[in-house]
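Here is how the chains run, residue by residue.
There are 4 protein chains.
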Amino acid sequence: MEPLHLVSRDYQSQDTIVQVRDVKIGGGTRVYIAGPCSVENEAQISEIAQAIKGSAHILRGGAYKPRTSPYSFQGLGEQGLCFLKEAGQRAGLPIVTEVMSEEEVDMVAAYVDMLQIGARNMQNFALLRKVGAQRKPVLLKRGVAATIEELLLSAEYILAEGNSQVVLCERGIRTFNHTYTRNTLDISAVPILKHLTHLPVVVDPSHGSGRWNLIEPLAKAAVVAGADGLMIEVHNQPEQALSDGPQSLKPEKYKALIQKIDRIVCFLEEEITCKY
Amino acid sequence: MEPLHLVSRDYQSQDTIVQVRDVKIGGGTRVYIAGPCSVENEAQISEIAQAIKGSAHILRGGAYKPRTSPYSFQGLGEQGLCFLKEAGQRAGLPIVTEVMSEEEVDMVAAYVDMLQIGARNMQNFALLRKVGAQRKPVLLKRGVAATIEELLLSAEYILAEGNSQVVLCERGIRTFNHTYTRNTLDISAVPILKHLTHLPVVVDPSHGSGRWNLIEPLAKAAVVAGADGLMIEVHNQPEQALSDGPQSLKPEKYKALIQKIDRIVCFLEEEITCKY
Amino acid sequence: MEPLHLVSRDYQSQDTIVQVRDVKIGGGTRVYIAGPCSVENEAQISEIAQAIKGSAHILRGGAYKPRTSPYSFQGLGEQGLCFLKEAGQRAGLPIVTEVMSEEEVDMVAAYVDMLQIGARNMQNFALLRKVGAQRKPVLLKRGVAATIEELLLSAEYILAEGNSQVVLCERGIRTFNHTYTRNTLDISAVPILKHLTHLPVVVDPSHGSGRWNLIEPLAKAAVVAGADGLMIEVHNQPEQALSDGPQSLKPEKYKALIQKIDRIVCFLEEEITCKY
Amino acid sequence: MEPLHLVSRDYQSQDTIVQVRDVKIGGGTRVYIAGPCSVENEAQISEIAQAIKGSAHILRGGAYKPRTSPYSFQGLGEQGLCFLKEAGQRAGLPIVTEVMSEEEVDMVAAYVDMLQIGARNMQNFALLRKVGAQRKPVLLKRGVAATIEELLLSAEYILAEGNSQVVLCERGIRTFNHTYTRNTLDISAVPILKHLTHLPVVVDPSHGSGRWNLIEPLAKAAVVAGADGLMIEVHNQPEQALSDGPQSLKPEKYKALIQKIDRIVCFLEEEITCKY
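Residue numbers (my numbering), protein chains in the order written: chain A, 1 to 276; chain B, 1 to 276; chain C, 1 to 276; chain D, 1 to 276.
None of these hints come from the bench; they were simulated from the model. Errors might be hidden in some of the hints.
Copies of one chain are not kept apart here, so a pair can be met inside one copy or by any two copies together.
To be verified - Calculated pairs, SDA-like style, for lysine to any residue (alpha carbon to alpha carbon, straight line, at most 25 Å):
{"#": "1", "residue 1": "260", "residue 2": "30"}
{"#": "2", "residue 1": "194", "residue 2": "256"}
{"#": "3", "residue 1": "194", "residue 2": "250"}
{"#": "4", "residue 1": "250", "residue 2": "147"}
{"#": "5", "residue 1": "136", "residue 2": "103"}
{"#": "6", "residue 1": "194", "residue 2": "180"}
{"#": "7", "residue 1": "260", "residue 2": "28"}
{"#": "8", "residue 1": "24", "residue 2": "6"}
{"#": "9", "residue 1": "255", "residue 2": "268"}
{"#": "10", "residue 1": "194", "residue 2": "253"}
{"#": "11", "residue 1": "260", "residue 2": "29"}
{"#": "12", "residue 1": "250", "residue 2": "195"}
{"#": "13", "residue 1": "194", "residue 2": "179"}
{"#": "14", "residue 1": "253", "residue 2": "265"}
{"#": "15", "residue 1": "250", "residue 2": "110"}
{"#": "16", "residue 1": "255", "residue 2": "266"}
{"#": "17", "residue 1": "260", "residue 2": "226"}
Input sequences plus hints: build the corresponding full structure.
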């Protein structure tokens, strides 16, 4: 195994707190990131932002979409960033979006509060260096076939460039399972990562399962296993979504889920402080 | 996909309750199965049984061990069954053990309260038929590369012979991960199975991770994801265990874990009954 | 890793020659095993045997079929063995069939010249011991998620009981690929096994791919990679086969394939003897 | 499944011939690409180029290396390109090297005859578009967890930008195997790809196995399975290589291998023309 350095608990024992505007990720709180897979138009992202604003800390939405086929909807691009930014501002939520191109890092960073590196780009080292050399926090998703070590060393690329504001995201791995789930969520990655690194770890049960009706049990599992937050796809009309409809929750379902998660979090925190 | 029949929710919507002497598995309660990987001698199994009796519902212990190598410790055989039976009786716990041979089914069933089919034998159809044709309840473990469908159809073999007292057990699948875990626990299998079948589903975080320090987060995750119970390896001297030492908890750690799990279960049950 | 013993090249450097009646497997020749997935009736197996007799050394046919579902065709049982035996005798071919139950080993061995242990039973240690304790040669198939080491240690179980007439069979592993192939044939297993063990190694491109039109390239690949033989499913009416139709060759296609393989084998053997 | 378009045999039934200077890939010939993992210094690449020039059609060598850790040797960069170019010119061989960054595509393309997209960047869509928008041929390696469909759709990104000079490369997938091989070479991908697409397909047995002593059997297997060429790592001092030493052949071994492969190719071509 390659040695870990800046990302390791040996280098820094204390939890890193990643600050996305006024939202703190890491160090014991739980953060909810929610929104649609893709920003589709101004009304859609604005409506979703308004619907979830009391139940989410950060608004997500894709303007540049990594699609398997060049003929699938590729996102609205910079216009999508505008819509996302306005929706976030109106709802009072910081925003995160994926950046897929080195050449677009600065432009995208000018619009958003946090940059996401998608699973397919987890080992796009040129892109990792670019987001490491700017100052916005980074959400780094685990590749579908990436080991824990590879995820941490990809984060190391970002830290080595001077940016230590990195959040790791488990989002399901590729296994022989494919009938009932799109990916297999690796819950054990959460405690392993929390043990090895000081960086916060969030879980994406939407991609981790690919099915909206598995999001609730997996979100609960992630939180009790020690995740610092959740990233969940929410769409106002999943059946008409341009991407990822089958794994998106409607806002009402999302809000009901977060209420349940919040109660588990309260309960777990009481446990920690032994007041129960 | 092959059609499911007797095991499906379509055939029987209500949860099956599997009764192991006076312990009920399924239908809303959580059951804890604990004990060593192998019965090593009379004192060992007796001591462990006494140590866990207040924190476990069923005592486990292997007398016939499926070992990759013919030169590894293969279990004490029938003498191990005697020791297990005595230990269970003294502690007031029903007992479960693995049966590996068609020819030993009747003999093993005469000693124990529940028969386990191990992961390696999940598609040993002759053995499935044999345990289906006798009356003791069966704990069927998922194979390391078995799909959800294959697990359910293996259970179907048992039910088709007339024995509907079957508990399914998720215990980790084989993926590209191998550095930090022995297997990858597939937590999403729990809600999927609970949706498809009326049979109870338990989770084995000991084999599911292969490391004692991952058992707690994975046990919690399994319970909140809907598992009907847990199966956990407990050893009084893990460092000297003849098998599976690295994934075994000491009795004190096990008891502390079960207290935490019990509190989560209470909390979840309140949620279900809306009294919170 | 567990230590290898009787199966290892360290224990015996010279190739083991497994003798199935007058057919020798191992030591430099190439052996072709062919026949239908299942023996379906007397006419079917007889017709296939006649059709392939000049192009196969051993006739295969399943009388006891390991099927995922208890409701799928399970084979004709002992009657199938009779049909297979007669077909083999008439065609002058030794026969191999799968045995799935410890209790049937002696009965099946009385009919056939070689016993097959299927992939699902590769770690059915009770069955391995049983076929190790009788004298007919054994064809041991690799499990879909079995490592090379696990396959070799399963063979070790057979040798440790006194039967050293074991042929190993690579037949595809389970990976994330599932659209174009049923399994992923692990060709690299062939040279690795040949390096580690003195036992012969054959390849089953029918199960290894699940598609008849991949059998030819994979059969060629297996032979040039060092396989001691091939096992190929042949059916006179694949579209009406009770099992594995899509991966079965018609006799004419099979014979044409074997002619091509034979020419490659000649070529390779010339290479070995430097006469080219 | 997403529909294939420009890459499919339905769109173009005839084999695409990719031309790298005067070397033609596709359409029935076999092309050998060889050289070190990394260009380490002027003498090393020059010496290797001289040693293999009679046995290779294209010289490979990495100047920008995708390394899991930011602290591993990252390649010599543009200086490495200079050394590679000079070595190629002196040996009379066209050259191929990996490009990892959108921003470096034009610069790298100015030095080399063919651009390689590595497995980690197979779904770096920004980079795919960049190499699609320039005119040098592209060698696209399959990602370690990429399906056949995903590989073809990544090629589709390049063709959709106007560059149809694309060669696909199978180089091993990530499975549960990890003791004896670094990856599992998916030989069945070759005939499947040849059936689905008109683009040439080469195989990299060096990465596909990770062990020099598996290269020969896998190279032979690839060729008989229909590969249009091979990509093999050759180093003059593998034990001192800065990267991939264990999977590199020495020049003499490489040349001996190519002689054997050439004889198989001759033999296969005779077969095709029925002169045998």
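Legend entry - Contradicted hints - numbers only: Checked against the structure, the hints that fail are numbers 4, 15, while the rest are satisfied.
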